[in-house]
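**Q** Chains as they are written, first to last, in my numbering: chain A, 1 to 993; chain B, 1 to 395; chain C, 1 to 97; chain D, 1 to 203.
These are calculated hints, taken from the structure and not from any lab test. Yeah, the Cβ is synthetic: ideal placement off N, Cα and C, and Gly gets one too. Just so you know, not all the hints are guaranteed correct.
[Unchecked claim] Quick list of in silico lysine to any residue cross-link-like pairs, SDA-like style, CA-CA up to 25 Å:
#1 D:Lys55 <-> C:Pro7
#2 D:Lys5 <-> A:Glu927
#3 B:Lys371 <-> B:Gly193
#4 D:Lys99 <-> A:Asp714
#5 B:Lys386 <-> B:Ala361
#6 B:Lys73 <-> B:Gln93
#7 B:Lys76 <-> B:Ala361
#8 A:Lys613 <-> A:Glu639
#9 B:Lys186 <-> B:Gln93
#10 B:Lys371 <-> A:Gly890
#11 D:Lys123 <-> A:Glu259
#12 D:Lys65 <-> C:Arg3
#13 B:Lys334 <-> B:Gln93
#14 B:Lys329 <-> A:Gly890
#15 B:Lys223 <-> C:Pro7
#16 D:Lys87 <-> A:Gly795
#17 D:Lys65 <-> D:Ser120
#18 B:Lys245 <-> A:Val157
#19 B:Lys186 <-> C:Gly49
#20 C:Lys85 <-> D:Gln81
#21 D:Lys65 <-> D:Glu138
#22 B:Lys386 <-> A:Glu639
#23 B:Lys202 <-> B:Asn37
#24 D:Lys99 <-> A:Asp792
#25 A:Lys344 <-> A:Leu212
#26 B:Lys371 <-> A:Glu612
[To be verified] Examples of chain A residues toward chain D, derived with CB under 10 Å:
#27 Tyr93
#28 Asp162
#29 His166
#30 Pro668
#31 Ala750
#32 Ala822
This is what each chain is made of:
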Amino acid sequence: MTNSHRMSTGGVRIDRNKTVMFRFDGKTYQGFHGDTLASALLANGVKLMGRSFKYHRPRGCLTAGSEEPNAIVELRTGARREPNTRATIAELYDGLEAHSQNRYPSLKFDIQSVNQLLSPFLTAGFYYKTFMWPASFWEPVYEKIIRKSAGLGRAAVESDPDSYEHSHTHCDVLVVGAGPAGLAAALSAGRTGARVLLVEEQAEPGGMVSPLLDVIDDLPAADWVEQSLANLEAMENVTVRLRTTLFGYYDHNVLAALERVSDHLSEPEDDQPRQRMWTIRAKQVVLACGSHERMMAFDNNDKPGVMLAGAVRLFVERYGVAPGKRVVICTNNDDAYKTAASLKQAGVEVTAIVDARGELSPAAARAREQGLRVDSGFVPCKAIGHQQVSSVSIQRRDGSGREVLACDCLAISGGYSPDVHLVSQTGVAPIWRDDILGFVPDMPIRQERSSGACMGTFDLAGCLTEGHAAGRDAAKKAGVKVGRATKAPSAPTEELAAPVAVWRCPGNGKAFVDFQNDVTAKDIQLAHQEGFVSVEHVKRYTTLGMATDQGKTSNVTGIALLAEARGEPIPDVGTTRFRPPYSPVAIGAFAGHERGKEFQPVRRTAMHECGEKLGAVFVEAGQWLRPQYYPKSGEGVMESIYREARQVRETAGICDVSTLGKIEIFGPDSGEFLNRLYINGWKMLAPGKARYGLMLREDGYVMDDGTTSRLADDHYFMTTTTANAARVLAHMDHAAQVLWPDLDVHFCSATEQWCGVAVAGPNARKILAAAFGSALDMSDENLPFMGVRSFDWNGARARIFRISFSGELAFEVNVPWTYGEAMWDAIWEAGRDHGLIPYGTEALSVLRIEKGHVAGNELDGRTTAADMGLGKMMSSKKPFIGQKLAGREGMIDDQRATLVGVKLKSGAQRLRGGAHLVADQNNANAETSLGWVTSVCDSPAVGCWIGLAYVRGGLAEHMGNTLFAENPIYAESPEVEICSPHFFDPKGERING
Amino acid sequence: MWRDPQPKAEYDVVIIGGGGHGLATAYYLAKEHGITNVAVIEKGWIGGGNVGRNTTIFRSNYMFPANTHFYEKGMKLWEGLERDFNFNAMISQRGVINLFHSDPQRDAFARRGNAMRLAGVDAEFVSPAQLKEMVPILDFDNARFPIQGGLMQRRGGTIRHDAVAWGYARGADSRGVDILQNCEVKDILIEGGAAVGVETSKGTIRAKKVAMAVAGHTTQVAKMAGINLPVESHVLQAFVSEGIKPLIDTVVTFGAGHFYISQSDKGGLVFGGDLDGYNSYAQRGNLPMMEHVMAGGMAIMPAIGRVRLLRHWGGIMDMSFDGSPFICKTGVEKLYLNGGWCYGGFKATPASGWCYAHTIAKDEPHELNEKFTIDRFRQGRMIDEKGVGPNPWIQ
Amino acid sequence: MHRIDCPWCGTRDEAEFQYQGDATATRPAPDAAEADFFDYVYSRDNPKGWHIEWWHHVGGCRQWVKVVRNTMTHEIHATGGPQSKLSVPKPSGSRLR
Amino acid sequence: MADFKPLHPLGNLDELVEKHSFFGPGSAAITIGVRKSVECAQLFAGNGNQAKIAKKLNFDSSTGKATETKGFTALPIAPGQWILISKNSAPGFADGVAKSINGLGYLSQQSDSRICLRVSGPKARELMSRGCRLDLHESHSGAGFCAQTVMAQIGVILHQLDDNPTYELYLYAGFARSFFHWLSHSAAQFGCDIEIISNQIKR
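Bound-form chain A, shown alone (with noise of 0.2 Å):
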């Protein structure tokens, strides 16, 4: 069966010289370089390419194009395997391997077909009620039926093996589409000098153009599509695309667009990503997208075999191939008699051509002229065989004339519907044409214009008269000079006589409407009937239009059904929305290259290989990364995080902190630009010192902590938390900007110019004063605590704070970044015989949390200064951001929750973040709930499990109470006592060494 159906002349896709081998549900076909995966095997004479969604019933392909409903397959295998992939738009490549879907054991016999028998139940809105008898079987026994059942082909497991990138791009003029008013549309704004982008879904321009019938500029119309494109393609301003699918028109004149790199590949080749999707800032736009075929609604009307007439014309010219050797035509309308000559020229046997029209048009007067059998008023009624069509029945419409005509291909053509998709994006209305049948778009609204077939307008010349003109007006309304009129390229005039509306044709079986969700004529009717009046009702209920074409060839046929349901001219049922994208695109291809590792950006640290080499397990921290602990050898997690916290206490420790935020400020009035900032003073703060500061959000909520230094009168230094180093900097902005502007303070992030380390714990002067040598005096008199010095040391400008988190002497050391491993290996050198140790997160979290210092874990976005224990830090004697707010009621209500420390029992084993504070463990529940845990560690300097809570009443209340750390999610109820949350050194002596 190789090749059956393929003529031995034709086909302006393909090369006969390159023939290319494939699979299809196993079995080994040949094809053509050129062919679709849809177009070689029908030359094959495989016509079953699928199973319908609700019926399982037998289907070929019922379009040449991404509106294709019916062919879909699973194209390539393992992690590349792709579900739903149109036959129509595959590129044949050697060594494709595709399955068809949704069929069990193969689909040639299907056993879920026999939904067909159930049919009766499974009709419109057949989810909502079938299933209720008795209701609690619905989640045990028929969700899981309907849930398998879900669904048509399967995705790949594994993780896409293939890479996407993003592309951004600007033109005056973006033409969408390369059929003839496409191409007649770049050419004429190509010539006036505009950034011309012309895009087109196919991987050829000509769109459906006959390439031999039909005549432009004199030449056959497939030279004339060649040489366009030459033309094109030598214009320097202008950009051809081909396989790129333009799929969503946004707001401002922003499209995108997926062009498919790498699909016609057995894989990407060269670094090549497998799509690419490019984001088009246009000024002006012509649609020129061209128009869908529609079916006519008749029994058994999906049958494979029964195909579009205008996608059986395209398989001819395209690929060379007859869809059948003996073809009826069912027609409403004068395209078909194109497929006709088509087929006629090609050598492929037409029956008889089935006009619904009464009268003879001049294209059926032709035709029959030419020896054609044309039947006027007729219409098909039936569609006829076994698992393909072998015959059809017709009549006229009033019923009489009964005929059985056998054919192994039914063509039909109910019409054609101008593609309007892209247009009702931008929120143009389409309206109604009676004339053509067919819904039209509005005004344009936004920088765009339709032409061609999208517009209404059928006929070549129209189509390339108008793509001309459209191109012209855009590039003159991108505002580029366009000069002399040009001439449009020009064709043979034709007549076309009028359509005639054919919805549903006569008949009780099942005609189908919307193909792939198996909605028919009648479930519209019975939706109808159920009181579903609006059509975005009936859409839902019925899932017209919903499956994988977005209703394409359906939409306008089922409107049709349901305006003469509701006794209605179709105008007033009005349409549904189309929504992006046009056609269906990857998830892989929005998201380009951020997957995996490369979701976010990766921060590092100056230091970041010193940790790395001392065998560092990091962290992520925001987009940082940073080391949380430093195992040795044989040594479990916390063994490694309490050994670093004994050890900054005991001898000394060094810790990357270069991920906090730093603030360079500057400008005679910064002091007062942070007394408004922070809820403390700081005009009295001396250069050369550092302070503690807390600022609030506008609701008095607090916003962050951090440490800022005066390093001159106009010069300060400010540190935020890691987490929110950018939120402040825009706060920041916003009261210089716009709540400030007449104070002079100007400053800059500096989170990258500096790295630094904190050195704390006992020796920590001592291994700095090793480092620095005679570089920067340590003592307490030059450097007490909160004492801030630049020095210069080595070669780099250095500073210095005295600052502890820890509790411990501690200091931090600022150098510019490009010296962070330098100085950190000069501290390390120098710390050698002083017991000094690496550190990482985790011992910072244990030393901070024995201090009762708030971290994270405290800074909720739902905490008050006050509620930290640090209400009195707030400034009555100066105004500052969140002042007034932070004095509500329910801000400085006693029985707030506030910060406390909480001490494990003895006995039991652990304690949790995240527990909740219960006085009564057997009656615990949210409402006795007096508060939850924040922060845990199993202290080594005060030998038990401690924590910080927020506790309501907080110590005033609970002080020396024992309470329960209730934490279900983990089954555990420990008993802890409310303690200070200063657990160790309470009196601060150890800052001093």
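We have chain A; now place chains B, C and D onto it with these hints.
**A** Same frame as chain A, now just chains B, C and D:
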């Protein structure tokens, strides 16, 4: 399904808004309080707002008691809903899992999970090993933010959203409630400091009580009565892929990016992320958030790369300034407010309708909704689950 | 996708900005009443139509850009710097939706 | 002790070149140059002094346009703010500038905060389009064009050096490796070479 009546001159209660909440309110007014002389007034077609354009998830995994009890009431109503109105809404308790990716996040989730458990709501931690079993396509090997575990509510899940609107509509209609479609409220009539009816595109309709339930248009309608609310309207996008065979059996949310996902009964992957982030009444979103959401998907489930996005759309969220809703009386007598649902409105539908019906019928809130007042902001008693403060676009 | 004309950088994609809400609320004087601060933080007009709002150009010059934008159509009427005085346009026959 | 040896945020540059050069097909259509060091500072005009500073230092008043002076390039980045980049990586060049503006503004030392990558070659513009949302078409931006924008989620200051075109990208040091990873991977399809751009003066 329901009648298409002409408006009467007067009703006991007029509900503005034929979305999920309005219809549910009418249903419970009739069923629980015997108040059937009720009209639900809808500008377009019923169920055309957020109840028809959400991602169909229900859950009650909140931290603050005001929310936990309320949403748990909703959960219980969901569980009995189908029998209640003899209509299959395809309720599927497939579980909702919030992934966590760091120790602080784990602790924050523990706090929430414990709050749920203490309120009698189911919650549990699931380990990476369990997650691998439940959601095999999660990426544990190459994640930018490694998955450490998840907080799971097994009773959470998904429902067929349209069925909810239709079920309530049918139930209300059969009890005598008039559903007036294509009827736009132009003004709220106030006499002597009390609401007495509405002016509509179909004429004046008087009412003993007027109740607003208009989601994204809450501030617009409230303004008719001179009420200014701490609410902004923002667009939230939703996405659905082509139908594929079952791949994801639960609802999964990514804790380190804006992404959540489930799979519908028809096989589509239904997913979403965060607000587009600017005031909007347009039911469409833009590219940056789309790309961001799908990057979130690819960050934790790189196998979905070749699954195709079928459609995306937007809904208008009535974002309150603390992320929590209003079901309360207003400064105007006999005028009631239901709004500020942010993007949590769908799952609240039954509880919202039930509590709102109570509030309207008794002219005082039920204890389940007594904290959902407008005054809470002035009092400084916000219910801010996210802790991001008065910035509705990031709530 | 919004394209916002930053007065300093020129027209840029929405992706470079962080939205910062209603720009018509003005911060009261420091000694104003709590109620005034309440309105500043919580009272919003939330118009369906023209809205004057802040877009912080974090991915560019870091200026707080004032933007007059339509919340129904997403159309932008005008942009200005942090201290600019912008107002909403008179009703026009825009068909954008 | 000897002076500290600086380490480039991309690590050992010789190893980087070794590892990444010519990893694409055919001859390289992209060259990514890594500047060994950048000597730069951020200049702020004090309130009301913007025009005075611009005049004093002969800055081009139009936004989006770099000014070349004898010793440095000035990239305007916000009203009254410029990034000054020393032409010969002279350390301490900012002190000279500070002196010449004589209290009209403030300088923040930023030499270590950013790295500089130079993108050149026949496909430079196409490579830039993979991440840059700006219109870099020749009709729109030429030599001297500069802008702050975001590429691959990372903030960059972009400076077009010539019409070939050649671009320089300045980005924060912490992002150096992430950005380089993205840039070099995006460049692979064109064929890409890595080179080190030495400084005329050693720091």
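**Q** Could you run down the list of hints and mark each one as holding or not?
**A** Evaluation of the provided hints:
1. D:Lys55 <-> C:Pro7: holds (21 Å)
2. D:Lys5 <-> A:Glu927: Given that 25 Å is the threshold and the Cα spacing comes to 61 Å, the pair is violated.
3. B:Lys371 <-> B:Gly193: The given pair, whose Cα atoms are some 24 Å apart, holds under the 25 Å limit.
4. D:Lys99 <-> A:Asp714: holds (16 Å)
5. B:Lys386 <-> B:Ala361: With a Cα-Cα distance of about 32 Å, the restraint between B:Lys386 and B:Ala361 is violated, given a limit of 25 Å.
6. B:Lys73 <-> B:Gln93: holds (16 Å)
7. B:Lys76 <-> B:Ala361: holds (21 Å)
8. A:Lys613 <-> A:Glu639: Answer holds: A:Lys613 to A:Glu639 is near 20 Å, not above 25 Å.
9. B:Lys186 <-> B:Gln93: violated (41 Å)
10. B:Lys371 <-> A:Gly890: holds (13 Å)
11. D:Lys123 <-> A:Glu259: The hint holds at about 19 Å.
12. D:Lys65 <-> C:Arg3: Judged against 25 Å, a Cα distance of about 21 Å means the pair holds.
13. B:Lys334 <-> B:Gln93: violated (38 Å)
14. B:Lys329 <-> A:Gly890: holds (21 Å)
15. B:Lys223 <-> C:Pro7: This hinted pair is violated, its Cα atoms lying about 34 Å apart.
16. D:Lys87 <-> A:Gly795: Given that 25 Å is the threshold and the Cα spacing comes to 21 Å, the pair holds.
17. D:Lys65 <-> D:Ser120: Status holds; Cα separation ~19 Å.
18. B:Lys245 <-> A:Val157: The given pair, whose Cα atoms are some 11 Å apart, holds under the 25 Å limit.
19. B:Lys186 <-> C:Gly49: holds (17 Å)
20. C:Lys85 <-> D:Gln81: With a Cα-Cα distance of about 23 Å, the restraint between C:Lys85 and D:Gln81 holds, given a limit of 25 Å.
21. D:Lys65 <-> D:Glu138: holds (15 Å)
22. B:Lys386 <-> A:Glu639: Cα-Cα ~34 Å, so violated.
23. B:Lys202 <-> B:Asn37: Judged against 25 Å, a Cα distance of about 18 Å means the pair holds.
24. D:Lys99 <-> A:Asp792: holds (21 Å)
25. A:Lys344 <-> A:Leu212: holds (13 Å)
26. B:Lys371 <-> A:Glu612: This hinted pair is violated, its Cα atoms lying about 51 Å apart.
27. Tyr93: violated (19 Å)
28. Asp162: At about 13 Å, which exceeds the 10 Å cut-off, the nearest Cβ of chain D leaves the hint on A:Asp162 violated.
29. His166: holds (7 Å)
30. Pro668: Since the shortest Cβ distance to chain D is 8 Å, the answer is holds.
31. Ala750: holds (7 Å)
32. Ala822: holds (4 Å)
Checked against the numbered hints above, the structure violates hints 2, 5, 9, 13, 15, 22, 26, 27, 28; every other hint is satisfied.
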